[in-house]
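Engineer: The lines below spell out each chain.
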Amino acid sequence: MYTRSIVAYTSNGHGYMPRTVDLLQGTLDLLILKTLSWGPAHGYAVARWIETLTGEVLRVGEGSLYPALHRLEERGWVESSWQISSTKRRTKVYRLTAKGRQQLKAETGTWSQFVDAVAKVLKTEERPL
Amino acid sequence: MSDRWLRWFQPTRRDPKRDVDEEIQFHLDARIADLVSRGASPDDARRQALSEFGDADAVRADTVRIDERIIRRERRADWISEFIRDARLGFRSLLRTPAYTITTVLCAALGIGVTGAIVSASYSILVRPLPYPHDEQLVTIYSDNPGHGYKSVNISWPDFVDWRDRNQTFSGIGIFTWNSNTITGGSGDAERVTGSEISPNLFAILGVRPAFGRLFLPNEDDRGRAPVTLISHRLWLRRFGGDSTLVGRTINLDGRAHTVVGIMSPGFNFPDRGDVWVPFKTDPALERHGNRGYAGAIGRIKPGVTVAQASADLHRIDALLAREVPDENEGWQAGVLTMRDDLVGDLRRPLEVFLVAVAMVLLTVCANLANLMLARGAARGREVAIRAALGASRGRIVRQLMTESIVTAVLGGVLGVAIAWWGVRLLRFAFPDQSPPFYVKLGLDAVAIAFIVVITLVTGILFGSVPALRTARTNLDTTLREGSRAAGTGLHRSRLRGALVVSEIALSVVLMVGAALLARSYKNLAGSDLGFDEHHVLSARITLPSSDYATRGEAAVFYQRLLTDLRRLPDVVSVGSAQGIPFSGWNVQGEAHVEGAPPPKRGDELIAHYQYVTPDYFKTIGVSLVRGRWFNDADRDSLNPVVLVNELMVAKAFGGHDPIGKRMGSSGSDHAATVVGVIKDFRHYRLPEPMGPAVYYPYASYPGRQQTIVVRTAHDHPQTLIPELRAAVRSIDKRVALYQVQTFDEVVSRSFWRQRLQGNVVTVFAALALCLACIGLYGVISYAVAQRTRELGVRIALGASRGRVVWLVGRQSARLVVAGVAFGLIAAYFAVGLLSSLLYGVRPTDPGTFALVPGVLAVVAFLAAVIPAARAARVDPIIAMRSE
Chain A
1 MYTRSIVAYT SNGHGYMPRT VDLLQGTLDL LILKTLSWGP AHGYAVARWI
51 ETLTGEVLRV GEGSLYPALH RLEERGWVES SWQISSTKRR TKVYRLTAKG
101 RQQLKAETGT WSQFVDAVAK VLKTEERPL
Chain B
1001 MSDRWLRWFQ PTRRDPKRDV DEEIQFHLDA RIADLVSRGA SPDDARRQAL
1051 SEFGDADAVR ADTVRIDERI IRRERRADWI SEFIRDARLG FRSLLRTPAY
1101 TITTVLCAAL GIGVTGAIVS ASYSILVRPL PYPHDEQLVT IYSDNPGHGY
1151 KSVNISWPDF VDWRDRNQTF SGIGIFTWNS NTITGGSGDA ERVTGSEISP
1201 NLFAILGVRP AFGRLFLPNE DDRGRAPVTL ISHRLWLRRF GGDSTLVGRT
1251 INLDGRAHTV VGIMSPGFNF PDRGDVWVPF KTDPALERHG NRGYAGAIGR
1301 IKPGVTVAQA SADLHRIDAL LAREVPDENE GWQAGVLTMR DDLVGDLRRP
1351 LEVFLVAVAM VLLTVCANLA NLMLARGAAR GREVAIRAAL GASRGRIVRQ
1401 LMTESIVTAV LGGVLGVAIA WWGVRLLRFA FPDQSPPFYV KLGLDAVAIA
1451 FIVVITLVTG ILFGSVPALR TARTNLDTTL REGSRAAGTG LHRSRLRGAL
1501 VVSEIALSVV LMVGAALLAR SYKNLAGSDL GFDEHHVLSA RITLPSSDYA
1551 TRGEAAVFYQ RLLTDLRRLP DVVSVGSAQG IPFSGWNVQG EAHVEGAPPP
1601 KRGDELIAHY QYVTPDYFKT IGVSLVRGRW FNDADRDSLN PVVLVNELMV
1651 AKAFGGHDPI GKRMGSSGSD HAATVVGVIK DFRHYRLPEP MGPAVYYPYA
1701 SYPGRQQTIV VRTAHDHPQT LIPELRAAVR SIDKRVALYQ VQTFDEVVSR
1751 SFWRQRLQGN VVTVFAALAL CLACIGLYGV ISYAVAQRTR ELGVRIALGA
1801 SRGRVVWLVG RQSARLVVAG VAFGLIAAYF AVGLLSSLLY GVRPTDPGTF
1851 ALVPGVLAVV AFLAAVIPAA RAARVDPIIA MRSE
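In the order they appear, the protein sequences are chains A and B. Residue numbers for the first sequence follow our numbering, so the first one is 1 and each next one is one higher. Residue numbers for the second sequence follow our numbering, so the first one is 1001 and each next one is one higher.
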């Protein structure tokens, strides 16, 4: 089984040191669903968007994007069609389905709760009574 | 860009590998172009793009795997929805032709049902293990005397002891006798219960355990030990209300208190339906090697030893005995049978016959299914052609037609399994007393049913798709232009259908011959002159308890009084008693000799049936006197007894001369007796066993405790006398139980159950096969008529007479019937050998039967063909020519 991970690069002054961070199951899925919610896109565009938005902090290990996209398609959250790109090449374009939009909403909620909960713990200075 | 326009580019058949490669390549190229546009050299850009992408091969493999999964799932969904659509379509088109559908479904159902029931029953009886652990090690041991032609005779105690103590191949041998006891106490009247006397090791040899208490201890068969007993779970519940404190307490058997040491498990039976078991105690009088005939033995052979080895081991002991006690053991040897063969050996041959017969029925069914489907396939040629013209692919059409066959076969299968289930239950009633013996658990066998359903399905699908394939291959254009006539691709297919009908007819001829022979045997058996008159007679057995009737005199007084009381009842014509009535299985025989005759050579002794009867016994069962006189009440001298002999005895022992006044002896008495009369021969043994010489002693000269009472009444229903009979016994001694109370008719007809069953079952099969063959014939002929409607119309228009048209059609049927009958008779001639051992009074190649069957078949086949022929004759030439 292909482990889904995001490779995070941090600058430590000695150049880029790759460090593999196993993210929570579905995190990459969530990011993909979010990017596709802005409109149909091919895999390369999805990768660039994620890179741009997470910028210097997080970058998708780009290959891992494709199994994720196809798996989302298998689940019926995205659908795909072959189109002709601006460079006149055949390219596979993904779009979010209604089911995928619902999934995105549900997972966004879960993610926010998760982040809030973790943040709350991390911000607490004193040991709870 | 419009999606609709772009969709045009989508390849019709997707190749996931190519797609994924293309997608990844696009990604990499786009990245490189991006980086180059930002000023990187092409080489650096490529390197960076690849490193950012990660392990491209792994990604590719994973992605392709996911895509393949998606495609597989989609295909499956397509296939299923297509099947459902086809099934619905098939169902609708089947509903449009109810006659075809009902015939096909019933045909498949009957085939599956009948075959399933018989195969399941055979499996239950012949193969399923007996309810004992490692039942393949269990054997029953008899005495055989091949030189004398004795087979499976019961054994003697001393033979048993020698086998038990001197063998090397058995882990144990036990002995038992059939027994019955009168039980008193608990709830209810005195009651006769069956069971046996067993050696203490016997149940351990069988490998059974009691539900409560224990089995017998090793020395509990010593004479002088306090009486103990084991009882059945059934008796415990019925008579003792399941009282858990019964073990250790005493119950009353034959007037003696017996301590209950154990209660056997529910469902345990021995030897057949036993309820009470007591330790086997020998009697010095029985301790002679030659005293065979009263006990059975069961052994468990050691693991790894074959039945043949065990048998050889006992024969080795027999050879020693023949030298040690030549007078009693020469010629005798152990007959070792597996317990299963011993229990169901009689049924093996009939079941084999049923299996062969049922296989023929199944073949007929398959031929008929094939026939029906071929006809339908042909009739649908035009429909198929239209579908093809509208763009349906050949595979699609074939699949649709096959689905229709599958729907038919599944419907038939479901109904067939229901019939089989019901049939197996019905077979229960084929056994005497309407219940099979305990070791036969009748039930549907899943493997057998599955096998048969598959055969039927395959037949249906095969023959449903052959014409479909053929039609799909035919030239569209011709088919449509020429109409349905061309769809048949005529000759070849009608030849195949003809061949199927011929084989159906042949199979039914074989079955009919078999059925006729078996039915005739049964008729011969049931209708044969038995020499007695079993109508209007009631019979019942009594065994007086030895505790209350210690002497012969006391027993004689009881029976004298009972017979006198019974004689006084209204409608009673006459009353008598004997040790065993005809057909009851009381077959005691012994040596006999005439005084003054030279002593017989060893191996050439005269063996005669003997028993003790009251004066009116023969009159009561309707046997007449040939010469001399009957017994009378004065014939009670046991030192100088008188005897009656039968005609066979006169012929065999007296050379046909008048025996009256001559003296003879037999195993029946220690003293020589004077012959006072000759009775007409009658069949005492169950048919087909022949009667032999017999000698009868007056009961009064040697009264015993066990007798069978016979009462002849003026009533048509002698069983109405049962309450009075019981009351009469009770008024003399209420601790005496009556058992085996039944009309003499029942006794006789029950003895024919196997022959009746054979006749009935095979007759049902034959009738079924005949019906199927006729359906097949009818189908072929009506199809042919439909095909030739136009031609016949032209003939009629040109002046052919209707008779001529009927003849044209009839000739075709006649050809099929003649061919079928010819093949059938030849096959039957060779097949009847299988039956020979089951026949009685008729030869396997009985000319009458072989003449009768084609006659019956011709008549029925004529009826099947005459309907389409009549239809052909009614053809209106104008309509016929305008059609199509």
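Keep in mind the hints are simulated off the structure, nothing from the lab. Quick caveat: nothing in here was measured; it's all calculated off a predicted structure. Any given hint could turn out to be false.
[What the hints assert, rightly or not] Pair ranges (Cβ atoms, derived):
| id | chain 1 | residue 1 | chain 2 | residue 2 | range |
| --- | --- | --- | --- | --- | --- |
| 1 | B | 1396 | A | 101 | 16 to 26 Å |
| 2 | B | 1393 | A | 107 | 24 to 34 Å |
| 3 | B | 1069 | A | 101 | 36 to 46 Å |
| 4 | A | 107 | B | 1058 | 53 to 63 Å |
| 5 | B | 1038 | A | 101 | 56 to 66 Å |
| 6 | A | 110 | B | 1450 | 25 to 35 Å |
| 7 | A | 75 | B | 1133 | 52 to 62 Å |
| 8 | A | 119 | B | 1018 | 16 to 26 Å |
| 9 | B | 1018 | A | 125 | 32 to 42 Å |
| 10 | B | 1065 | A | 110 | 25 to 35 Å |
Where a beta carbon is used, it is the ideal one built from N, C-alpha and C, also for glycine.
Engineer: Work down the list of hints and note, for each, if the structure agrees.
Structural biologist: Consistency of the hints with the structure:
1. B/1396 - A/101: 16 to 26 Å: 38 Å, violated
2. B/1393 - A/107: 24 to 34 Å: Cβ of residue 1393 of chain B to Cβ of residue 107 of chain A: about 44 Å, so the range 24 to 34 Å is violated.
3. B/1069 - A/101: 36 to 46 Å: 24 Å, violated
4. A/107 - B/1058: 53 to 63 Å: For residue 107 of chain A and residue 1058 of chain B the Cβ distance comes to about 26 Å; the hint is violated.
5. B/1038 - A/101: 56 to 66 Å: 34 Å, violated
6. A/110 - B/1450: 25 to 35 Å: Because 50 Å falls outside the window, the suggested range is violated.
7. A/75 - B/1133: 52 to 62 Å: With Cβ atoms ~55 Å apart, the hint holds.
8. A/119 - B/1018: 16 to 26 Å: Violated: the Cβ-Cβ distance is about 46 Å, outside 16 to 26 Å.
9. B/1018 - A/125: 32 to 42 Å: 58 Å, violated
10. B/1065 - A/110: 25 to 35 Å: Holds, at about 28 Å.
Comparing the model with each earlier hint shows violations of hints 1, 2, 3, 4, 5, 6, 8, 9; every other hint is respected.
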